[in-house]
Amino acid sequence: MAGGIQRLWRKLAWPWSPASDREASEAIVRNLWLHWFPAKVSGRSLSWSYSLWLGTAAASLFVILTVTGVMLMFFYVPSTERAYGSIKDLEYAVSFGRLLRNQHRWAAEGMVALAFMHMARVFFTGAYRGSRALNWLVGVALLLGTLMLSFTGYLLPWDQLAYWAITVGTNIASQAPLVGPTARYILLGGHFVGQQTLLRFYVLHVFFLPAVVWILVAYHMWRVRKDGGLAAIEPLRALRRAEPREMPRTKSYSLFGLTPGTSVAVASSMGLEESDQVASSPNLTRRMMLVFLTVFNLTLLLSLFINAPLEGPANPSVTPNPAKAPWYFVWLQELVSWTTVHLGSITISGGLLGGILVPGILLAALILWPFLDRSTDAEGVWFAPERKRQNAVFVVITAVIIILIVVGAWLRGPYWHLYWPWSPRPVLPRVL
Amino acid sequence: MAERRDQSLERQDFAWLVLMSLIFFGLVAIGLWREYATAWRPWQREFKLVLAHAGRFQDARKFQPGIRQIWNPELGVVDRCVSCHLGYEWGGILPAALRQPLTPHPNLSFMNRHPFDRFGCTPCHAGQGWATNAHAAHYGGGGWEEPMLSRRLAAGCGVSEAELLQMRCNFCHRRDRSTQGMDAINLAKTLIKKKKCLICHSVEGQGGHSAPDLTYEGDKDPEQFDFSHIAGARTVFNWHVEHFIAAGKVSPKTAMPDYDMPPDQARALALLMLSWRHINYPPQYIPQPQSAPQTAATPAASSNH
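Chains as they are written, first to last, in numbering that gives the first Met the number 0: chain A, 0 to 431; chain B, 0 to 304.
Simulated from the structure, these hints should not be mistaken for lab results. The model shown is predicted, which means the values in this text are computed figures rather than measured ones. It cannot be assumed that every hint is accurate.
[What the hints assert, rightly or not] Pairwise CB distance ranges (calculated):
no. : chain 1 : residue 1 : chain 2 : residue 2 : range
1   : A       : Ser336    : B       : Asn106    : 54 to 60 Å
2   : A       : Val340    : B       : Glu73     : 49 to 55 Å
3   : B       : Ser227    : A       : Leu417    : 19 to 25 Å
4   : B       : Leu21     : A       : Thr339    : 52 to 58 Å
5   : B       : Glu73     : A       : Thr397    : 53 to 59 Å
[What the hints assert, rightly or not] Quick look at which bits of chain B chain A covers, simulated, 3 or more residues with Cβ under 8 Å:
no. : segment
6   : 22-32
7   : 93-100
8   : 225-234
Every residue, glycine too, gets a C-beta built ideally from N, C-alpha and C.
The following block holds chain B by itself, in its conformation from the complex:
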């Protein structure tokens, strides 16, 4: 009796054990494959060919596949963007027409003062530096609030990509009167003076106290704004644009006058508002305050870089 029961249990369970073991091996195989088939691997393979094609055989041979990152603890930067954007520092050697993500970074006039190894990618471009796949890096997802400042995002705001990026330049350059290459922000800074905003508002302890302090205006959460009178996109950027044009319409109880300014001025000011954030960059990253400009007549003359 006991003997017979043992065998029937064995027959039942043995088949299931074999099945479960096969499923286990199958799942482990999928796991191994997932670990190998990363998003960056095909790009690295292609980049090796690109290097060889450009005659850099030595570099192509030395190229080892793996996650690459620019790590700068001073800024809290862990930018793995360069795992795919492999051509970023090969400007002049690799063709500029190379397709993304391998395209070399354009050699802009300020790049020599903003080297890659000190600044990384995300301080200027935003996005999720930790991520090692394009979607997570560019859009974040799951409540990630700093999507990469892309051309599409800029178009949605009615500005160019370069103008949108100036918002982040101003994290460090906020105390500059004007900065070369930051035309939109420079325009906004002159408007702040021209429209005498600081009679009512205060920024970094200067100005009036009859209107909200704007020092860290860019840190306000979208839900802290009232969008009930906003006609266009429900974004903080657009809230500021519409508010600068017709403050009374956006906030009916406000004391702020309707400036009825051209949209490009309103957009420049909106960029400036979003740039005023509480960012703790180390002092060596903050540019020295400019000496008083020799000719303060025009804002262009004061940009002495």
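Chain A on its own, in the form it takes in the complex:
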């Protein structure tokens, strides 16, 4: 009886413990889905406290977005006449349609936030230097790709929120000197947001950008392995390198006889000892499963209880009061509104400064940072004292952006005036 229950439990729990290192490694190497993992990883790079698993969480969201997105494509019609109605159908008539759309929406906004948090983690742990600089650049491209995906998706419901957010966003972009108006024209497929814009954004959103981001994600992962794994192992690797090493008892032979050093069996290519590493399967795979499941549960929880916003159908002749860019761009809108100066009847637009120069300089700083960073020996540890000043700069810029987002998204009310969340806002006039 007890044996039967145990057998049943083993079936349900589906446990797998490899009998040998070889079996564990083969589970990774021979599997199509898992072979991009190393057969062994350092225990430290698996820790929760080092990486917070933010990159994996962001990638999990991208998987969720791809699957829910493909499902939404079966219902969505990218035409100005049908788009809004097809979203309404999803919300009210399609089985699980509302859940699907909510999950896509919250996963998308979560991915923007997590991609940024992952970047912040890499920055604070100084994990972008040396050979990892290239992967940092890929990461910056991925952040931009995530923002572009989110921005193009924002237009698709074709409601007032979508229409005016894209109008505000692309108007800011048009402030760029020389190329601005042309870039806006190409992006919109005309001089204002219309059917051509919807179609362009749709194609970018469902094909072009996801393809680019998926390819970059694959390259990003491959580079992590090429760079020797997470930077978390660097302190350990330095330690091992510095350790006095005994000559192995067994002799190593080269073509020319005895040679000093260790044999391949003793130190792995990572420069770590056997004891520093664990088999990827099941340690890494199980933890990835756990991260994915947690992220999936969070998006499902949000989707069940909070609905994605949807306003009235897009109306080019009526601007909502206030019209706001999506939250991850609202800090730029906020900057533009602060830097726009009224001198009597003359208005100097802050579009160039707030919309182009500031984000341009920030982007350039992100790209160049690994090459400007002169700190040494502070890789793979959080808040290394040597990097105090760099971290302070990053924290201040991030804090300013977050404050601007909070002000823009929550405190701005009708007529772009500031209101506390608890203070009453003017009731806008209605028809009836």
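Keeping the supplied structure of chain A fixed, place chain B upon it in accordance with the hints.
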């Protein structure tokens, strides 16, 4: 050493995996329940009983639960109102005193020329036809600008529900001189003539050009009106009412005289203003222009329906 670490990781993560899996199944169960427990299901269950109670056993047996809609692409109508308002076409068979949302639609004199399957619900009643729950259908929410024309909304405007609905009748009937059953709008149309509005204003290309064109007055956004001199409710309807009574007070710079008209006339005119919208209904829905009335002396005589 390696062996021991494997096991400690396994113990840590396994418990969390089990917990997360249980949460996952719990959330999926909530999702399934939400999908089943829709707002319309209890009403459909009750309607089945109502049918059986009225002796329509065959119909009760055939009744299948599910979302119902009146779909008319010509008008862009997708009216799922009938998922709950199930008795709408059962007038004469089911008791008229049945409680809402199951009440049969009153059999009004013009209903035979406005069949449900051609007109749906929202062209007359407004509201959000897509929605499948009462709040979203009646009030819309989230920037939905066409709330259902309810008795409460009408009371807020100082008119009856029927009068408020006439505003939407006039979407198609705007070129009628007068239409049976549209007393408020008919009154407004005679006032337009009597007060000689078209000396200054123009409507559909006719009239003067010294005052704003009113052809699509009903499409103007609330924010395009100046409410700073409005004493009552901040609605476009009320703006028009107060403006018709004392234009100079509402818009101090206007050339429009103060008509000082009785409130019911001002309200009728306000309804007419809101009815003048750019609505693209197909031509077969627009009534034929009436032949010149035989006796143009009184507006009542010209209504020859």
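Here is what the structure says about each hint:
Between serine 336 (chain A) and asparagine 106 (chain B) the CB atoms are about 57 Å apart, so this pair conforms to the stated range of 54 to 60 Å. A beta carbon spacing of about 53 Å between valine 340 (chain A) and glutamate 73 (chain B) agrees with the range 49 to 55 Å that was offered as a hint. Taking 19 to 25 Å as the suggested C-beta distance range, the pair serine 227 (chain B) and leucine 417 (chain A) conforms, at roughly 22 Å. The hinted window of 52 to 58 Å between leucine 21 (chain B) and threonine 339 (chain A) holds, with their beta carbons roughly 53 Å apart.
Glutamate 73 (chain B) and threonine 397 (chain A) have their C-beta atoms about 54 Å apart, which keeps the hinted 53 to 59 Å range intact. For the segment 22-32 of chain B, the stated coverage by chain A is satisfied: 6 residues place a CB nearer than 8 Å to a CB of that chain, which reaches the threshold of 3. Note: the segment 93-100 of chain B has 0 residues with beta-carbon separation from chain A under 8 Å; the three-residue rule is not met and the coverage is violated. Figure legend: the segment 225-234 of chain B, annotated as covered by chain A; annotation consistent (3 residues with Cβ-Cβ distances under 8 Å, at least 3 required).
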